[in-house]
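Protein chains in written order, with full-length UniProt numbering: chain A, 1 to 414; chain B, 1 to 414.
Hints are computed from structural coordinates only; laboratory data are not their basis. Among the clues, some could well be false.
Unchecked claim - Just some of the chain A residues that point at chain B, by a computed CB distance under 10 Å:
| no. | residue |
| --- | --- |
| 1 | LYS109 |
| 2 | VAL126 |
| 3 | ARG130 |
| 4 | PHE300 |
| 5 | SER330 |
C-beta atoms are modelled at their ideal positions from N, C-alpha and C, and glycine is treated no differently.
Number of protein chains: 2
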Amino acid sequence: MKAEIIAVGTELLLGQVVNTNATFLAEQLADLGIEVYYQTVVGDNKQRLDELIGLAESRSELIILCGGLGPTEDDLTKEVTADHLGKGLVQDREAYQKLLEFFETTKRKMTANNLQQSQTIEGGIVLPNRTGLAVGTFIQEESHAYILLPGPPSELKPMFIEQVRPLLIEKFPSKEKLISRVLRFYGIGESRLVTELAELISTQINPTIAPYAKPNEVTLRLTVKTNDIHAGNQALLALEEKIQERVGEYFYGYGDDNSLEKVVVDLLKERGKTVTAAESLTAGEFQATLGKLSGVSEVFPGGFVTYSEETKADFLNIDPQFLEKYGTVSQECAEKMAEQARKLAKTDYAVSFTGVAGPGMLENQAVGTVWIAVASAEEVSATKFQFTRGREAIRRNSVMEGLNMLRKRILRKK
Amino acid sequence: MKAEIIAVGTELLLGQVVNTNATFLAEQLADLGIEVYYQTVVGDNKQRLDELIGLAESRSELIILCGGLGPTEDDLTKEVTADHLGKGLVQDREAYQKLLEFFETTKRKMTANNLQQSQTIEGGIVLPNRTGLAVGTFIQEESHAYILLPGPPSELKPMFIEQVRPLLIEKFPSKEKLISRVLRFYGIGESRLVTELAELISTQINPTIAPYAKPNEVTLRLTVKTNDIHAGNQALLALEEKIQERVGEYFYGYGDDNSLEKVVVDLLKERGKTVTAAESLTAGEFQATLGKLSGVSEVFPGGFVTYSEETKADFLNIDPQFLEKYGTVSQECAEKMAEQARKLAKTDYAVSFTGVAGPGMLENQAVGTVWIAVASAEEVSATKFQFTRGREAIRRNSVMEGLNMLRKRILRKK
Chain A
1 MKAEIIAVGT ELLLGQVVNT NATFLAEQLA DLGIEVYYQT VVGDNKQRLD ELIGLAESRS
61 ELIILCGGLG PTEDDLTKEV TADHLGKGLV QDREAYQKLL EFFETTKRKM TANNLQQSQT
121 IEGGIVLPNR TGLAVGTFIQ EESHAYILLP GPPSELKPMF IEQVRPLLIE KFPSKEKLIS
181 RVLRFYGIGE SRLVTELAEL ISTQINPTIA PYAKPNEVTL RLTVKTNDIH AGNQALLALE
241 EKIQERVGEY FYGYGDDNSL EKVVVDLLKE RGKTVTAAES LTAGEFQATL GKLSGVSEVF
301 PGGFVTYSEE TKADFLNIDP QFLEKYGTVS QECAEKMAEQ ARKLAKTDYA VSFTGVAGPG
361 MLENQAVGTV WIAVASAEEV SATKFQFTRG REAIRRNSVM EGLNMLRKRI LRKK
Chain B
1 MKAEIIAVGT ELLLGQVVNT NATFLAEQLA DLGIEVYYQT VVGDNKQRLD ELIGLAESRS
61 ELIILCGGLG PTEDDLTKEV TADHLGKGLV QDREAYQKLL EFFETTKRKM TANNLQQSQT
121 IEGGIVLPNR TGLAVGTFIQ EESHAYILLP GPPSELKPMF IEQVRPLLIE KFPSKEKLIS
181 RVLRFYGIGE SRLVTELAEL ISTQINPTIA PYAKPNEVTL RLTVKTNDIH AGNQALLALE
241 EKIQERVGEY FYGYGDDNSL EKVVVDLLKE RGKTVTAAES LTAGEFQATL GKLSGVSEVF
301 PGGFVTYSEE TKADFLNIDP QFLEKYGTVS QECAEKMAEQ ARKLAKTDYA VSFTGVAGPG
361 MLENQAVGTV WIAVASAEEV SATKFQFTRG REAIRRNSVM EGLNMLRKRI LRKK
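Given the sequences, and given the hints that come with them, work out the whole structure.
What follows is the structure, encoded as structure tokens:
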């Protein structure tokens, strides 16, 4: 089956927003074995959108439209698609109820244009929006299927994964199954990973190896097309073994829906251990990253943000003379911060961060110099990093290295 | 003039790469007053690319192709465009020389396919590649102009800015300039903002008003097309006044490169004031958000992450019986947290967050119940919020409301 992605929105044509929805949908469709030959962006314009749907019908069987389901006059996708198919729009009762409740709970005034959001195309399947208000629609005509998705990625992604994927698998079953496995790596760049695996990648046809660079990590998606699930899984396993032999030291976990912080929190839960932090340049980002995960309260009671020299002394009960002697961007300071935080929070582990996020130097040390320490009851040790690429990257890289150091420390104790 | 952007590359269709080139080019073209009605992505396929160029010619006068200028067999853009125009490819001597030098300096073996990179379409203007090897081409036929650019953003961007922009201004001089101004709003949804301004939006032609919903805020871009910069600015000012009359209470700042946290930190700097925080459910995200801004150390010495009841008592020196009596998700607790944090960090202001991020209830209170308090020397007060849409949104909304409460408190004292 051939699919085509149409992103609707003048903000995309003006370059105000990056079209990450197309990327996400393309990746998902590739994973489902559905071929995509075209992606198009068009503005909030009835005639051009209508023409484009016609053009897409001449080239593809599945047409996915995203954006333009919201409450404003510019949001035309539902209306234009319905007109194109000669159908009307109808209110979805559940979505309408949710809309009313939202405005009641948040005590905001609901204006009439909001009703657009709970409308769907008659004869279509409603796709409820778990993370927003505008419902999606799946509608199948004789030779074509159409899927309408909301524009905000935070609504489009869960709707696709939770509802559209199962629907596509059900409606358009593929004779061959695709089985895939995602391996996640931290601490190695994409180009180096690809170089290390060059021979494997160039000789592999089925399963295939698809590397993908994400912020701060690289994933490999191994995909096998097969009629025989057992044999397919065996092939994936054999391929993974070869990959682990070559780059296993950077591997940290499996799965699309995984992350270094999730692996760390799961490890702590498994072993009944707790962690705290004392953060200088990262200013709370390490703790906020742990805080993303539900149930983190089991393993994380709280911690400290000690940005200034004074708060390092006051909050962590460190002698100001000690800070004076070694400087705050030092191994000694990082280790002391971790030790003190661990004692004060009464946890098994503590991670500390101190360094120069920039833009200016600090204590005569270059921007990007960062000390990270991990403390446990038995041991405290710090590592020095030299990061580049500006304030945001320096802080983000520090958080990721802190997570990785903690992960390795936990794993060392069997 | 109408332009159209065609990005060529199977990696884009597979979702392995985000199409940031289209965003960059769209923004640049908007800035030059050139209208873009379509952006398309197509794979490394001769026939489909050729057809798409034909389609683009039927809709637009300027066609910008990016990607597919490299040395591999998949790189077809130059060849297909030349064939489409009935022209041949010729070697550019300078680019060829640069290619030879590159392989000599890096001591790498130059394979024959590399010669593709220094080829250009006959009759075209060569666009040298300062940051790479593959040259671009500008070629003008009777009714259409074509621009071929390399795919890597690090090559495309400088080539566009340094060479294509001046060329477009010279070849297609625009009589009118575009001047725009961005207004930012917090605390009002896009649909309500648009409703409040409905009359203005529907009657405005020049300047135009473009609303845009971003995470947690809405922006309005006012754009005027004019020959007279002074008159244009006057028109923007007059329009802004009308907007401020209607929704000014939600306005917080100007500009594309602005944010609520930036406005707050700038206000604190201006007035020589400092802030700290005590965060429960947000787990450091408020402080990390302040920490994004360089120079924040002037106004933020550090603060506390008190996720558990015990750390609220220990770190903030709050009597456990007090927490027992009122519960941690309460006005009393929020206010006490802010007061204690302010005392311990010796700051002018403190913001505290306590509530239920979910997934489960806490102290019999619903997911999304959040108390936020702001303390200063004179006053401490807390506000209760009821957020929806899951853990991440609850935490993010809490941080934004905390910033906004702090902003209003600072502004109240002239």
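Each hint, compared with the structure:
The criterion of a C-beta within 10 Å of any C-beta in chain B is met by LYS109 of chain A, whose closest approach is roughly 7 Å, and the hint holds. The interface hint given for VAL126 of chain A is broken, as the beta carbon of that residue sits about 19 Å from the closest beta carbon of chain B, more than 10 Å. With 10 Å as the threshold, the beta carbon of ARG130 of chain A comes within range of chain B, its nearest partner Cβ sitting at about 8 Å, so the hint holds. Look at PHE300 of chain A: its Cβ gets to within about 6 Å of chain B, closer than 10 Å, so that hint holds up.
Checking SER330 of chain A against chain B: minimum C-beta separation of about 18 Å lies over 10 Å; hint violated.
The structure does not agree with the numbered hints 2, 5 stated previously, though it agrees with the rest.
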